[in-house]
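Undergrad: One letter stands for each residue in the lines below.
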Amino acid sequence: MSRLARLTPSLALLPFLLYLTVFLLVPTVTVVVGAFAENGTFTLANITALADPVALTALRTSVLLSAVSAVIGAVFGAVLAYLIVSGGQASWLRRSVISLSGVLAQCGGVMLAFAFIATIGYSGVLTVWLRDHLGIDIFGSGWLFALPGLILVYAYFQIPLMVIVFLPALDGIKPQWREASVNLGANGWQYWTQVAFPLLRPAFLGATLLLFANAFAAYATAAALVSQGNPIVPLLIRSGLSSEVLLGHQHLAYALAFEMIVVVAAVMGMYGLLLRRTARWLR
Amino acid sequence: MRTSPAFRVVRVVLLLLFAVFFFGPLLAMLDFSTRGTNGSRTWAAWANLVEDPELNRAIVASLLLSLFTVVLMLLLLVPTMIWVRLRVPRATRLLEFLCLLPLTIPALVIVVGITNVYQWVTYFLGDHVLNLTFVYVVLVLPFAYRAIESALSSIDATTLAEAARSLGAGWGTVIGRIIVPNIWSGLLSAAFISVALVLGEFTIASLLNYENMQVVIALLGKSDANTSVAASLAAIAFAFVLLLLLSVVGRSRRTEGKVT
Amino acid sequence: MTTAVSTQTEPAVAFRDLHRHYGEVRALDGLSLDLAPGELVVLLGPSGCGKTTALRILAGLDIATSGTVMVGGRDITHVPANKRDMGMVFQAYSLFPHLTVEENVAFGLKLRGVDRAKRIKRAGEMLELVGLSTQGNRYAHQLSGGQQQRVALARALAIEPAVLLLDEPLSALDAKVRVQLRDEIRRVQLEVGTTTLFVTHDQEEALAVADRVGVMFQGRLEQVAPPTELYARPATPFVAEFVGLSNRMRAEVSEGTARVLGAAVPLLEGSVTQGSGYALVRPESLGVTAAEGDANGRVVSVAFLGPISRVQCRLDDGQLVVAQLTSAGASRLSPDDAVRVDVGADAVLVVPG
Chain A
1 MSRLARLTPS
11 LALLPFLLYL
21 TVFLLVPTVT
31 VVVGAFAENG
41 TFTLANITAL
51 ADPVALTALR
61 TSVLLSAVSA
71 VIGAVFGAVL
81 AYLIVSGGQA
91 SWLRRSVISL
101 SGVLAQCGGV
111 MLAFAFIATI
121 GYSGVLTVWL
131 RDHLGIDIFG
141 SGWLFALPGL
151 ILVYAYFQIP
161 LMVIVFLPAL
171 DGIKPQWREA
181 SVNLGANGWQ
191 YWTQVAFPLL
201 RPAFLGATLL
211 LFANAFAAYA
221 TAAALVSQGN
231 PIVPLLIRSG
241 LSSEVLLGHQ
251 HLAYALAFEM
261 IVVVAAVMGM
271 YGLLLRRTAR
281 WLR
Chain B
1 MRTSPAFRVV
11 RVVLLLLFAV
21 FFFGPLLAML
31 DFSTRGTNGS
41 RTWAAWANLV
51 EDPELNRAIV
61 ASLLLSLFTV
71 VLMLLLLVPT
81 MIWVRLRVPR
91 ATRLLEFLCL
101 LPLTIPALVI
111 VVGITNVYQW
121 VTYFLGDHVL
131 NLTFVYVVLV
141 LPFAYRAIES
151 ALSSIDATTL
161 AEAARSLGAG
171 WGTVIGRIIV
181 PNIWSGLLSA
191 AFISVALVLG
201 EFTIASLLNY
211 ENMQVVIALL
221 GKSDANTSVA
231 ASLAAIAFAF
241 VLLLLLSVVG
251 RSRRTEGKVT
Chain C
1 MTTAVSTQTE
11 PAVAFRDLHR
21 HYGEVRALDG
31 LSLDLAPGEL
41 VVLLGPSGCG
51 KTTALRILAG
61 LDIATSGTVM
71 VGGRDITHVP
81 ANKRDMGMVF
91 QAYSLFPHLT
101 VEENVAFGLK
111 LRGVDRAKRI
121 KRAGEMLELV
131 GLSTQGNRYA
141 HQLSGGQQQR
151 VALARALAIE
161 PAVLLLDEPL
171 SALDAKVRVQ
181 LRDEIRRVQL
191 EVGTTTLFVT
201 HDQEEALAVA
211 DRVGVMFQGR
221 LEQVAPPTEL
231 YARPATPFVA
241 EFVGLSNRMR
251 AEVSEGTARV
261 LGAAVPLLEG
271 SVTQGSGYAL
281 VRPESLGVTA
291 AEGDANGRVV
301 SVAFLGPISR
311 VQCRLDDGQL
321 VVAQLTSAGA
331 SRLSPDDAVR
341 VDVGADAVLV
351 VPG
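Protein chains in written order, with this note's numbering: chain A, 1 to 283; chain B, 1 to 260; chain C, 1 to 353.
Some hints could be false.
Unchecked claim - As a list, the in silico DSSO-like pairs of lysine-lysine whose alpha-carbon atoms are at most 30 Å apart: (1) A/K174 with C/K110; (2) C/K176 with A/K174; (3) C/K83 with A/K174; (4) C/K121 with C/K83; (5) C/K83 with C/K118; (6) C/K110 with C/K83; (7) C/K110 with C/K121.
No wet-lab data here; the hints were simulated from the structure.
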């Protein structure tokens, strides 16, 4: 077959590739280029501005928020996933939990923010009940709208995400492994510590990383909850987009976005590596 | 083997605790949104979903956006995926990488870099909220890709195509009448997930200054929290029903195609 | 119909009237069977006959509805699975993917608190026994199916179990590997001398490795006997047709003999005693020769299978039979030849019909 004839089928992919180029690759390149430009010339000023205390604090808080919510989501999500896996493949419990998890994990942050405002906000249902009946004020100085509140609300979508991501790994645990270890003399504890946990560890770590990236990139929840200040990187970007100059730089938003890509890409890269190990064992 | 009574009790207790954590806020939303003055119950906030013009417009806009996104996504993705699988298998890894790329590029980053592109879109199509369709297709790509890919893998598309071709079918027939009917569950799955995602999208809409449902909900939150909460709960419930339907449909289709 | 073998010494394993019901379904319907020390007994039967259920009850992975299981004279019916002294080889997927081959084999020893040096030594011995001493540092996914099963065997034997259990260990393997591996398993079992229960649905496999074969059907034991006896003197129609090939040929029974194709043939126990029926005749008991005026049938097809050939013939009375001849004998026959089909003097089972 001639070179041209061999290439022709690939031409059918052009529409798709063009579309992605325009709506995904161009924006990404714009961000990368913009991070290194100011007034149309190449400069590292925006990048060095990332070391500005305000930007650094935002980064630190973002990392803290992402890490804590990832760990909480991972641990509780793994437990929940285990609880529904032990019920059987087609049980109604499993199906409804997976559906609900799908909704809550994809749920826009705005809706979740309002869910928590309705529960533990100043006039939230639980706040009012506790205030009227037990005299306890859980609203306090409005911790819901600061870091602790963000962690709680993030947990609300991190746990379901963990269930969705980790469940296939739990499904991949073959019953023969348990039977074989029992047959060789293992009790429950020995099976878990010597067979199940080691096998699940890469999947668990990978899922935790995925949760971290998910939290780090999240914007809507924080945007809906936090109205004062820019404690985390996404909110700093919001400031950068809405005002002309942020921290003395026009293009800081680009630099911050670039910082985001770097962090998320690095984390997802590690996730990919762990995924491959899991796939081999838990096919 | 592992259904000891102690374990079963622990399991039920833990599940209940999770249920409280996840359903609690949802129930609170119901209570909050139906609160009237002096402890009465009113559905006024819910009525606003249809009556408030701004909210109404935004809801319709979001629903239309999800429809358009699904259609454009299917038109773009399905022929491409099938074509790659049948005719250009070497491009599989590239396709997979490209489709999963949006997972690594946060929506926030995309919106920062997309203002120029959208200036062109507005130039050609006018400034309309439905313009968001284009970037939304990119956002739903990873999830749609996974759903369709798992459906494609579960049927032996190559063999089916070869059998059809040997009986004289052209490529259009192969794709449209042989492959697509057999990956229906994957397509439905991709569609439902896309709808859920579009309905919940806030980041790009708000930073590009369009008014979709989530943006309006957030705006209303400052002035009319009850309505915001009602709208949020409605959206969550709608998405839940969608995904529940999906799991039911997916299961019945799977048993249909099973050969024992 | 059960045939309990009486042994002089205490049986190593004894099933006593084992029942396993799932609601309406009777997976096991009164199984009683003894295994002598060092014996390899195969439970043979189609899917759903209860053979795997019996094995899993012995392993402790399933619980009988009623009946007892004894090992070495001790009642272990209620002993938990991890306290029974047994080694089991599963059909597939049982090697731990995160451990090396050596670690897999040593796993049971590690659980028993054996120190590292002794564990490695014993694992090495076991791997040598199954011919995989160079594979100790590899992982399961790097081995072929046959190699994985050999590792599984080494792992099961490393703990020196009282009983070795094999649950269709060859069913997931390629045909050629299956034949090689079943001989391996038999060799190892004879060398180590462990009492073994082997479950399979492949009758050729069963006949090749067993000291005795127990044929099961619908939860009951049809017959337990050494392979040659099972083949030559099937006790029930099911056994006669499940083990080896059988031709169903019209027969007349009177005075303790059957008349098949005009010849007198001795009867096996359990046959119809009077009147007409069907005789179950083995292909190798039929002779086919070129007819010289005494033809009673025509050749339909000749299938060359290497050392033997199977000749399909249509008899004049309409019956279709398959005879097994040496290839030399069959070489002179072609489709449509007129032939004489004779029944040999081997005893047959005649069933009603």
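Undergrad: All hints, please: hold or fail.
TA: Here is what the structure says about each hint:
no., hint, in the structure
1, A/K174 with C/K110, "holds, 21 Å"
2, C/K176 with A/K174, "holds, 27 Å"
3, C/K83 with A/K174, "holds, 22 Å"
4, C/K121 with C/K83, "holds, 24 Å"
5, C/K83 with C/K118, "holds, 22 Å"
6, C/K110 with C/K83, "holds, 15 Å"
7, C/K110 with C/K121, "holds, 12 Å"
This entry satisfies every hint, going by the numbered hints stated previously.
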